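Engineer: Please build the complete structure, drawing on both the sequences and the hints.
In case it helps, the working numbering puts the sequence shown at residues 5 to 517.
Derived from the structure by calculation, the hints contain no laboratory data. Every value quoted in this text rests on a predicted model; they were computed, and no experiment measured them. Mixed in with the good hints there might be a few duds.
[To be verified] Here are the simulated DSSO-like cross-link-like pairs (lysine-lysine), alpha carbons at most 27 Å apart as the crow flies:
#1 Lys348 x Lys333
#2 Lys363 x Lys333
#3 Lys276 x Lys510
#4 Lys348 x Lys385
#5 Lys370 x Lys348
#6 Lys236 x Lys516
[To be verified] If you anchor each label on the Cβ, the simulated ranges turn out as follows:
#7 Asn488 x Ile330: 56 to 62 Å
#8 Val232 x Gln158: 51 to 57 Å
#9 Ser239 x Gly463: 42 to 48 Å
#10 Glu515 x Ala331: 54 to 60 Å
#11 Glu515 x Glu300: 20 to 26 Å
#12 Cys344 x Arg509: 40 to 46 Å
#13 Glu489 x Ile330: 56 to 62 Å
#14 Gln158 x Glu300: 52 to 58 Å
Positions of the beta carbon are idealized from the N, C-alpha and C atoms, including for glycine.
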Amino acid sequence: MGDLHNNGGFAENQLSVHHGSLLDFLLFSSPMDDIFTCILSWTSYLRRRFIDFVENLVVQDVYRSKGSVSVSSTSYTEYFDSGTCQTSLGQGEEFLANTDSGIVNTNRSMQLRQAVPFIFQGLAFPFLALRVAWSSILVPWRFAFCYVKRTQAQVYSIISRMERTLRGSSDDIGWLQRTPGMAPVEDGTARFLELLEAIRNGEHTLPNSFVYLFVPGLFSNHGPLYFVATKKFFSKMGLTCHIAKIHSEASVEHNAWELKQYIEELYWGSGKRVMLLGHSKGGVDSAAALSIYWSELEHKVAGLALVQSPYGGSPIASDTLREGQIADKETRRIFELLICKTIKGDMRALEDLTYEKRKEFIMKHKLPEGVPLISFSSEAKVAPGVLATMTQIAHAELPRLPFLKFRNSEFDDVSQLGHQVPIVIPVSAAMALCALHLLLRYGEKSDGLVTCRDAEVPGSVIVRPEQKLDHAWMVYSSKKKNPNEPDATEMCEAILTLLVELGKRKQEEIEKS
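Structural biologist: Set out below in structure tokens:
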């Protein structure tokens, strides 16, 4: 392979001869074409010598580690003919001498096959140094690339959250009207207004053959006057009516089970079928009870009126609890603290009113076709005068004051009596602001919490009153009453009267068919 010998004289003589020949050639050769030819030959010779030198170094390291001595002989013959430089490499053999096993003669081709992998081992250190240097160069670039990639992902996440927040519920409002296969609605506003006018003139036609059950909505447990005025009005007319005692902050399915039991108790106790009027979430709970347990309630329920109910969902609930928008986790924690910790409710009560949950539930549990249905929706006032309107939601009982003595004995009885102080809050003002927000953001008319399109139940008779009413008007009394306009009790009576007529009409259609 190379010129490694125990006696180094041959190598020196060979090199001296070669240098002498090269010098003679450079001094005495004149043709230009022979010069270029000789340069090419010299370059080829240097290349071969460099390869042999590297191979000798590697073989020496290998055999030295094994306790062996590598002996090789290579003969080179150089001759110049007519100004041409030629070099030939003779065939060589290597003799490996080992102190334990003698001399082993191997073929040159076999040795090359064994020596090629050792070349890389001999050059491992410079390669390792190069690799370490290259890795040290790449480390900051890798960190920079990871940082840029992470920053890019964060930017995309922020942009996605902003888009989701700005889009809001624009794609969900009115989805019931866009979904194919939903039953058509019928407009019953004209007949409702006729019945309302007749009631205001003293014509009350509600029959006593039904039990009228009012189902309150979300947070009704914290408003003691919820449906109280309407119940008193119906009781004065001699009608049997009740307010469902359910946990309004519970989930829809839980309240559906509670209402199912409540309806069965009223039916078996009175022998009369039940007319349901549900407000807000109460309408959703009532519809769920009929959807899930219709096989058991078919002959016990005469009809259902959904008043300002988010049957399709509420944009307020969806925009508040939508995942993937800005500050979604923080907003959810606030509502969990308010609903679960403060008022001891269930977070699912609000989640069940989102568009996502309503779509899932309606597709799974559809309302039965035979039950009479009425959908009542309204639009809230957004005029500045509404901001000063106060709504009474409860009243406080003042304790008796027996220590007070009056000089006049006729006032002594007053000190022994408790006094009721009304508790009023600006509910109408809050509803007006919410309605203005939905109008400006989505262009949708609403009562402040529920849009008119989401309150229309497929297959029902819809009622759209001319009077502007907010979401709380139907269940709470306002301190400002206009004698020229109907109040909430008359509205509820007109709705139930229309529901009775609708039930009679459906019964006639069934008998004819």
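Engineer: Hint by hint, say whether it matches the structure.
Structural biologist: Status of each hint after checking the structure:
no., hint, in the structure
1, Lys348 x Lys333, "20 Å, holds"
2, Lys363 x Lys333, "23 Å, holds"
3, Lys276 x Lys510, "18 Å, holds"
4, Lys348 x Lys385, "32 Å, violated"
5, Lys370 x Lys348, "30 Å, violated"
6, Lys236 x Lys516, "39 Å, violated"
7, Asn488 x Ile330: 56 to 62 Å, "46 Å, violated"
8, Val232 x Gln158: 51 to 57 Å, "53 Å, holds"
9, Ser239 x Gly463: 42 to 48 Å, "32 Å, violated"
10, Glu515 x Ala331: 54 to 60 Å, "58 Å, holds"
11, Glu515 x Glu300: 20 to 26 Å, "24 Å, holds"
12, Cys344 x Arg509: 40 to 46 Å, "45 Å, holds"
13, Glu489 x Ile330: 56 to 62 Å, "42 Å, violated"
14, Gln158 x Glu300: 52 to 58 Å, "54 Å, holds"
Going through the hint list in order, the structure does not satisfy hints 4, 5, 6, 7, 9 and 13.
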